[in-house]
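Protein chains: 2
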Amino acid sequence: MYYLGIDLGGTNIAAGIVDEKLNIVAKASVPTGAQRGIDVVMDDMAALCKKLLADNNLTIADMAYAGIASPGTCNSATGVVEFSNNIVMYNYPIAKVLSEKLGIEKVYIDNDANSAALAEALVGSAKGASCAVMITLGTGVGGGIVIDGKIYSGFNHAGAELGHIVIEKDGRQCTCGRRGCWETYSSATGLINMTKEKMAEAKDSLMWELCGGIDTVSGKTAFQAKRKGDKAGAEVVDMYVSYLACGLTNVINVFQPEVLCIGGGVCNEGEYLMAPLREIVGKENFARNSDKQTTITRATLGNDAGIIGAAALGL
Amino acid sequence: MYYLGIDLGGTNIAAGIVDEKLNIVAKASVPTGAQRGIDVVMDDMAALCKKLLADNNLTIADMAYAGIASPGTCNSATGVVEFSNNIVMYNYPIAKVLSEKLGIEKVYIDNDANSAALAEALVGSAKGASCAVMITLGTGVGGGIVIDGKIYSGFNHAGAELGHIVIEKDGRQCTCGRRGCWETYSSATGLINMTKEKMAEAKDSLMWELCGGIDTVSGKTAFQAKRKGDKAGAEVVDMYVSYLACGLTNVINVFQPEVLCIGGGVCNEGEYLMAPLREIVGKENFARNSDKQTTITRATLGNDAGIIGAAALGL
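Respectively, the protein sequence lines represent chains A and Y.
Position 168 of the first sequence, counted from 1, bears residue number 159 in the working numbering, the numbering being contiguous throughout.
Position 293 of the second sequence, counted from 1, bears residue number 284 in the working numbering, the numbering being contiguous throughout.
Calculated directly from the structure, the hints in this document are not laboratory data.
Be aware that one or more of the hints could be misleading.
Each pair may be met inside one copy or between any two copies, as identical chains are not told apart.
Stated by the list, open to error - Here are the simulated SDA-like cross-link-like pairs (lysine to any residue), alpha carbons at most 25 Å apart as the crow flies: (1) 219 - 206; (2) 141 - 294; (3) 283 - 68; (4) 87 - 30; (5) 18 - 262; (6) 160 - 130; (7) 283 - 29; (8) 283 - 69; (9) 160 - 179; (10) 118 - 141; (11) 41 - 222; (12) 141 - 283; (13) 118 - 270; (14) 141 - 305; (15) 274 - 79; (16) 189 - 48; (17) 42 - 205; (18) 274 - 170; (19) 42 - 270; (20) 92 - 77; (21) 160 - 234; (22) 187 - 262; (23) 274 - 207.
Please work from the sequences and hints to get the whole structure.
Spelled out as structure tokens, the structure:
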């Protein structure tokens, strides 16, 4: 028996056939084309799943259930996406729609960040952890919480918004309306903003040469410059690490998870990022004298986490 | 059948006989005298329990179990207080010690803030909530998290330190070693510090008259002054409310608890405090457009929460 896992992303819809050990047997994807509206997107999602099954000589009857990892506030009890502003949905019965289109009885849903955290907790970097928290450093700072193998998202399914913990009161403007949210500092977007601001101050910084101009700054620019001995680049990296460590320490003081895993492109800096983070968190976390310390590590499932997490939603 | 609930506090040891509906049938207390060391304190705790039982014509055999709400990091699985700096304990097998002194087989333990939250979630202000968070505004800002009727405190039992979320990076010095922790702003201590600082600036403030001098400032001083139209007092209250609302919004964005209850002396200000808090949190929380909003309310069990929570630890 297999599970059908679907990761509904802003850019692509990815679907995977997943076995009982949560290995992906086969996967495929199509562009989301979110601007066309959710009804058309769902037609494409169903067609993608049917083609994936056919290409692998399977039928929908071979799937125990389907799971969807979706953006937005996902009511896992009702199968309804209550609100999503990326792919626009408002009280959209996404599970029922897919169920009818595919002719499969059981369709489970949850938020994409929560689903990715579930995948990491079951078969990824946090495998076997009694409590696991996943942080994703992307356009924003995403959060997912898994306790005893179950996603925690609060009584209204809207919790785990770890990026929206204010760490600098009255600080940088956040898209959520507040000021000083962790994600304004520690997302890839935050890093790019810090880099641009420093470049505007430091006209002789190597960062100008490395990225080719202010409009092509990336999350790598400051790290590359620091590695080459650039002072301004080092200042950006040190500031970024300081804010990221502050937010991670907050999360650890709240959850004391067995594993805290970090995903997103910024993590490609590897130990160059992780080592100083561990050092600061190790010094600052409230339980620093405890024999048991949270393991801080990179997420390992990458883009597959959504598919695997979606496929695990019915377990 | 009854449960024996013990609240081991910095000032007093309180013990209660609690029935199956978690009502306190009888209670008594003695001073802790923590400076005498934990061994002597435990003698007094056992004597207190024995006297309480005798005074109520009961014996230890009438108790299904005993529970202890203790300060510090309490390993509920082993019955050991791993670390407490208030009443000094380091890997102290408190459950075993009380078990032997009282001749009762089962003794459960947990942290005092967690136990109080459990009591509120079971029979207090958060009764029946699928997820409840309790915040206590005292010397520090205490936190307790109850999910599906169970205390959540992380894999090492040291979590739920909600007061140690930094909300102003590089801000006020906290006793935990970090700077800018929520508790440095929103505890009663934080309120008193803010009041003193404002009084030093505003020599003509009514606050001087109300409290009788800088050394007798209390958590009530600024609230009293604001009520009487004092500008400086109003500024202190508004600043205090702003920081408290910031931290509460953080907690709600993370947990989206069905109920968030607030305890501690500052709450005696009642709706004068709660109404503006609800207004700010209602505007700022990430899920403000959801149909389901966290109920923010005062804790109702007061000083009994520790006894009741302790008595509920074995349920």
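Going through the hints against the structure:
Taking identical chains as interchangeable, the C-alpha atoms of residue 219 and residue 206 lie at most 25 Å apart only when both belong to the same chain, with a minimum of 21 Å there against 56 Å between chains. Taking the shortest alpha-carbon separations for residue 141 and residue 294, only the intra-copy value of 21 Å comes in at or below 25 Å, while the best inter-copy value is 34 Å. With identical chains, the CA atoms of residue 283 and residue 68 are at most 25 Å apart between copies only, with a shortest distance of 14 Å across copies and 35 Å within one. In this assembly of identical chains, residue 87 and residue 30 lie within 25 Å of each other by CA distance solely inside one copy; the values are 12 Å within and 62 Å between copies.
Within a single copy, residue 18 and residue 262 get their C-alpha atoms no closer than 30 Å, and across copies no closer than 56 Å, so neither meets the 25 Å cut-off. For the identical chains of this complex, residue 160 and residue 130 are neighbours both inside a copy (21 Å) and across copies (22 Å), given an alpha-carbon limit of 25 Å. Within a single copy, residue 283 and residue 29 get their C-alpha atoms only as close as 46 Å, which misses the 25 Å cut-off; across copies the closest is 24 Å, which meets it. For a Cα distance limit of 25 Å, the shortest separation of residue 283 from residue 69 across copies, 14 Å, qualifies, whereas the shortest one inside one copy, 38 Å, does not.
In the homo-oligomer, the alpha carbons of residue 160 and residue 179 lie at most 25 Å apart both inside one protomer (21 Å) and across protomers (19 Å), since each shortest distance falls under that limit. Taking the shortest Cα distances, residue 118 and residue 141 sit within 25 Å of each other both inside one copy (13 Å) and across copies (23 Å). Proximity of residue 41 to residue 222 under the C-alpha cut-off of 25 Å is found in neither arrangement, the shortest distances being 54 Å within a copy and 69 Å between copies. Taking the shortest alpha-carbon separations for residue 141 and residue 283, both the intra-copy value of 22 Å and the inter-copy value of 21 Å come in at or below 25 Å.
With identical chains, the CA atoms of residue 118 and residue 270 are at most 25 Å apart within one copy only, with a shortest distance of 23 Å there and 41 Å across copies. Taking the shortest alpha-carbon separations for residue 141 and residue 305, both the intra-copy value of 11 Å and the inter-copy value of 23 Å come in at or below 25 Å. When the C-alpha separation of residue 274 and residue 79 is checked against a cutoff of 25 Å, the pair qualifies only between copies, where the shortest distance is 22 Å, while the shortest distance within a copy is 43 Å. Within a single copy, residue 189 and residue 48 get their C-alpha atoms no closer than 55 Å, and across copies no closer than 75 Å, so neither meets the 25 Å cut-off.
In this homomeric assembly, residue 42 and residue 205 never come within 25 Å of each other (Cα to Cα): the closest approach is 43 Å inside a single copy and 76 Å across copies. Taking identical chains as interchangeable, the C-alpha atoms of residue 274 and residue 170 lie at most 25 Å apart only when they sit on different chains, with a minimum of 13 Å there against 27 Å within one chain. With identical chains, the CA atoms of residue 42 and residue 270 are never at most 25 Å apart, being 48 Å at best within one copy and 51 Å at best between copies. Within a single copy, residue 92 and residue 77 get their C-alpha atoms as close as 23 Å, which meets the 25 Å cut-off; across copies the closest is 62 Å, which misses it.
For the homomeric pair residue 160 and residue 234, the shortest alpha-carbon distances inside one copy (13 Å) and between copies (8 Å) are both at most 25 Å. Taking the shortest Cα distances, residue 187 and residue 262 sit within 25 Å of each other inside one copy (24 Å), while across copies they are farther apart (46 Å). For the identical chains of this complex, residue 274 and residue 207 are neighbours neither inside a copy (36 Å) nor across copies (36 Å), given an alpha-carbon limit of 25 Å.
Of the numbered hints given earlier, the model fails hints 5, 11, 16, 17, 19, 23; all others are met.
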